[in-house]
Amino acid sequence: MKQSIDKIVFGDNQFFGINHMSQEKAQQLAERFYDINNIFEVYQHAIDAGIKGFMLNSNDRAKDICEYFRSNSEKYGDLNWYPSIPYPHKYANLVAEKGIVPTLNEMLFKGNSAKGIVNMVTKGSMAVLGKDAIKMMQMLIDLEMKMFKGLNVKVVFLQNVITDLILGYEVQEVFESYCDYIRKKYKATPGFITQNMPYLKGKLEEWGIEEVVICSSFNKIGYLTSPSLNEFIDEANKNNPDKYHLMAMSTLASGALSAPDAYGFINEQNIQSVVFGASSKKNIDQTVSLIDL
Amino acid sequence: MRKTKVRLGIIGMGRMGITHYSIINSRPDVEITCVADTSQLVLTLLKKYVKGIEVFKDYNKLLKSGKVDAVMVCTPPNLNHDILKKAASESIHAFVEKPYMTSVSQGLEIKKTYEEKKLVNQVGYVNRFNDVFRKTRELVADGLLGDIYRFRSEMFSCTISQPDDGSGWRGARESGGGALFEMAAHAIDLVNYIMGTPDRVKGSALNKVYSKNVEDVVSSTFVYDNGITGTLYVNWCDHSYRKPTNKIEITGMYGRLLADQHSLKIYLKDANEEKQLRKGWNTIYITDLYKPVPFYVRGNEFTSQLYHFVDCIQNPDVPSECAFSDGMNTLNVIDNIFTDANEK
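Same order as they appear, the protein sequences are chains A and B. The first sequence stops at residue 293 when you use my numbering, and every number in between is there. The second sequence stops at residue 344 when you use my numbering, and every number in between is there.
Take these hints with a grain of salt, some might be off.
[Claimed, not checked] List time: in silico DSSO-like cross-link candidates among lysine-lysine, alpha-carbon distance up to 27 Å:
#1 K90/A - K208/B
#2 K25/A - K247/B
#3 K67/B - K118/B
#4 K220/A - K275/B
[To be verified] Derived DEER-like restraints, expressed as beta-carbon distance ranges:
#5 D234/A - K48/B: 30 to 40 Å
#6 P102/A - Y241/B: 17 to 27 Å
#7 K51/B - K25/A: 42 to 52 Å
#8 S39/B - D234/A: 47 to 57 Å
[Said to hold, decoys possible] If you only want the chain B side, here are some residues facing chain A, beta carbon under 7 Å, derived:
#9 S22
#10 S26
#11 L43
#12 T44
Just so you know, these hints were derived from the structure itself, not from any lab. Here the structure is a predicted model, which means the values were calculated and not measured. Even glycine gets a Cβ: it sits at the ideal position worked out from N, Cα and C.
Take these sequences, add in the hints, and give me the full structure.
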């Protein structure tokens, strides 16, 4: 890796009403973090605990979070950002309501109309552009990355629903183009979030795509580790971290594991970083003290 | 067990077709040979970026190509009858997205054809492959709750989030749109799967919220000859849900059970040692039941259901866990709700 990647990255699921185990818990958190100041308070706890890396999904609320850290750059300018793009539910809902082509039309052209590309809003332009998936992808990346402008972006992650969906099609060109674009345009390291780490890593090796960060679920009970926890462990063990920087998420398996138990296992693995989310000072401090990679 | 690859075609590359392609393409004994869709853009992109795939604008050509042993049908439901009929005449196994069919008589005809021809047939009621709902069914069947007298099946999503002019297929009942065909079908199938098919429906109501021509909210009461009753409540424009969510509550003489896709909460009057459940509240999380699937795209159940379809083709001894006959049972309930709500 040319860039140094933070060993501990603070995640954001807890802020956006996402809890894979309990919808009740997700709702409680959504209520608490309705007031964005409560989000900033948790970020301060993380910063106080020595964390410098922050993963943030490009959803609507992330805009305000980016704005806060950007406008307080004298205080927070040394923080590193790890955007994950896109916010998949936005697209999923649009596709369900309108269909794929109208969704792309709306995202690519309506979203950009203020910038004077409004003239392209014709079916014809979609038909021309439609033949070039790579160009479309670049435009969508720019759209999602707009909010992170001015922040110190280390890695740009492709969100797992999208990574794994495209992975299933085995299209080398899309993965290559994503990585090239992130390196050139954003001077950042490309990253992929996946629930199929061994399979993705195997494909990236086959395609000669290196120096990327792979973020995947990794936990003692094998929750969300397809095809199996053993293959995750083996794949990590034989990995060269200079080629593939492995970042573990869902280390607590959505709360099924206690932190000491979870990190006792994680610390034994050939993993280079951990991304975790927590909403109390106590849990943040405890997690930071337990991670020993 | 067959050793040869299953040559698969996908008809309809919308949201479900796109996902199914990605999932099933991961299986080594499957080769996706062709797809059909009406969108030239989708076909152009697939042809350009996916090696070796053949694309058709007309599904008839795909079915007659001689290149598919099985199809996944992910089209608006009103097309399913014609596609499945033609697929059967070519002896092609079929997986079809829910709600299977929009007409009871057509549904019966197709079910009969597939059964007579001994072709593998499956409907995409994906909740049957969710680990929590599977566990729920097992516990209920084993008599954990004793005699059951009441249940509630609910489903919420934010599929339609703003006024809909009805121009798309989801906005027209004739094409299989509306919350009853599209959303409630899942909640009804879950009842059929766990409780059995109701004998009658009563007090059904269909409400509009955002849609011009179809219902957005569905409610009904299910009645069984053995005295069990249950309610159905489905809303597909509930902004408080990020993802489609099914909930089922079942009450019996020994206790009560609450299940959703992620967890199972059980209250028992007395401990059940055989099931290792204590007196009072017990919670089983998805993490307690979870086994990783070979390839994950959007939930274990989506992979499990498609792998099951291929398992059934590869090994005729594997019984279908969600056959056209199951799709037919749900379609009958849907039809009864439309009649009961005076919309037929």
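For each hint, the structure was consulted:
About 23 Å separates the Cα atoms of K90/A and K208/B, which keeps this hinted pair within 27 Å; it holds. Between the alpha carbons of K25/A and K247/B the distance comes to roughly 16 Å, so the proposed pair stays at or under 27 Å and holds. With a C-alpha separation of about 20 Å, the suggested pair K67/B and K118/B falls inside the 27 Å cut-off, and the hint holds. This hinted pair checks out: K220/A and K275/B have alpha carbons roughly 25 Å apart, not beyond 27 Å.
In this structure the supplied range 30 to 40 Å holds for D234/A paired with K48/B, their Cβ-Cβ distance being about 36 Å. The beta-carbon spacing between P102/A and Y241/B, approximately 23 Å, falls within the hinted interval of 17 to 27 Å. The supplied range of 42 to 52 Å is met by K51/B and K25/A, whose beta-carbon atoms lie about 44 Å from each other. Between S39/B and D234/A the Cβ separation comes to about 42 Å, which falls outside the hinted range of 47 to 57 Å.
Proximity of S22/B to chain A holds as hinted, the smallest CB-CB distance being about 3 Å (cut-off 7 Å). Interface restraint check for S26/B: the shortest CB-CB distance to chain A comes to about 6 Å, inside 7 Å, so the restraint holds. With a cut of 7 Å, the hint placing L43/B at the interface with chain A is violated, because the nearest CB-to-CB distance is about 10 Å. Here the hint on T44/B is kept, as its CB sits about 6 Å from the closest CB of chain A, short of 7 Å.
The structure shown violates the earlier hints numbered 8 and 11.
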